[in-house]
Amino acid sequence: MHYSSLFVIVLVASIIGLCASVKQKKVNLAPDKTARLVQHAIDCVAATGVSPDVLMQFRQGHVGSDDKSQQFVHCLLKRLSLVSKDGHGKTQRVLDLYPDSVDKEGIKKAFDECNKLNGSTPTETSFKVFVCFHKTSPVVIGL
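If you count the sequence shown from 1, position 39 lands on 38 in numbering that gives the first Met the number 0, and the numbers rise without skipping.
The hints are simulated quantities; they were obtained by calculation from the structure and are not laboratory data.
Treat the hints with care, as some may be off.
Restricting the straight-line Cα-Cα distance to at most 30 Å, the calculated cross-link-like pairs of lysine-lysine (DSBU-like) are [as the list claims (entries may be wrong)]: (1) 25 / 108; (2) 22 / 89; (3) 134 / 107; (4) 103 / 32; (5) 134 / 84; (6) 84 / 103; (7) 108 / 134; (8) 32 / 115; (9) 103 / 134; (10) 89 / 103; (11) 89 / 24; (12) 22 / 107; (13) 24 / 77; (14) 89 / 77; (15) 77 / 22; (16) 67 / 115; (17) 77 / 103; (18) 67 / 107; (19) 107 / 24; (20) 108 / 89; (21) 77 / 115.
Note that the coordinates shown come from a computational prediction; the quantities given were computed from them, not determined experimentally.
Taking the hints into account, I'd like the entire structure generated from these sequences.
What follows is the structure in structure tokens.
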């Protein structure tokens, strides 16, 4: 199944900006990182069979906890080399996504706290860390 590039870009931007509050600063990815993210998102949509309806829920800030949503998030984070085999995040890899102009200490603090969460599987763990981090990080990434 093929999805238009525009749909995928909106989807990925929505997932990354998930649960952003007014208190959170938004920064954009570098163009090369954006292209890589979009390609991995396309691959993960195909790999997980996640429904476009579920993806639109991400856009609206609603995170489904169903298996396909968790699999999609885990797939994307894994392909971006942001998680280890156990599903926990790789702190330095996550920090490297952000420009030097942002509060990396605040980001690290939020990420380290969320990275303490555990699930019953690596997929569930990475999903829990993802949701927590995007709720608590002082800076979110957009496209």
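Tell me if the straight-line CA distance from residue 77 to residue 115 falls inside 30 Å. Satisfied, since the Cα-Cα distance of roughly 18 Å is no more than 30 Å.
Restraint status (C-alpha distance of residue 134 to residue 107 at most 30 Å): Holds, because 14 Å separates the two Cα atoms, which is no more than 30 Å.
Going straight from one Cα to the other, do residue 77 and residue 103 come out at no more than 30 Å? holds (22 Å)
Pair hint outcome, residue 25 versus residue 108 [Cα-Cα no greater than 30 Å]: holds (17 Å)
Pairwise hint evaluation, residue 107 against residue 22, where the allowed Cα distance is 30 Å at most: holds (17 Å)
Mind checking the alpha carbons of residue 103 and residue 134 for me, to see if they're no more than 30 Å apart? holds (16 Å)
Restraint check for residue 84 with residue 103, where alpha carbons must lie at most 30 Å apart: holds (24 Å)
Hey, residue 89 versus residue 24, does the alpha-carbon distance stay inside 30 Å? holds (22 Å)
Is the straight-line distance between the alpha-carbon of residue 24 and that of residue 77 30 Å or less? holds (25 Å)
Given pair status - residue 32, residue 103, alpha carbons within 30 Å: Holds: residue 103 and residue 32 sit about 18 Å apart, inside 30 Å.
Would you check the hint for residue 89 and residue 77, treating anything up to 30 Å between C-alpha atoms as holding? holds (10 Å)
Does residue 84 sit within 30 Å of residue 134, going by the straight-line distance between their CA atoms? holds (23 Å)
The structure is consistent with each of the numbered hints, conforming to all of them.
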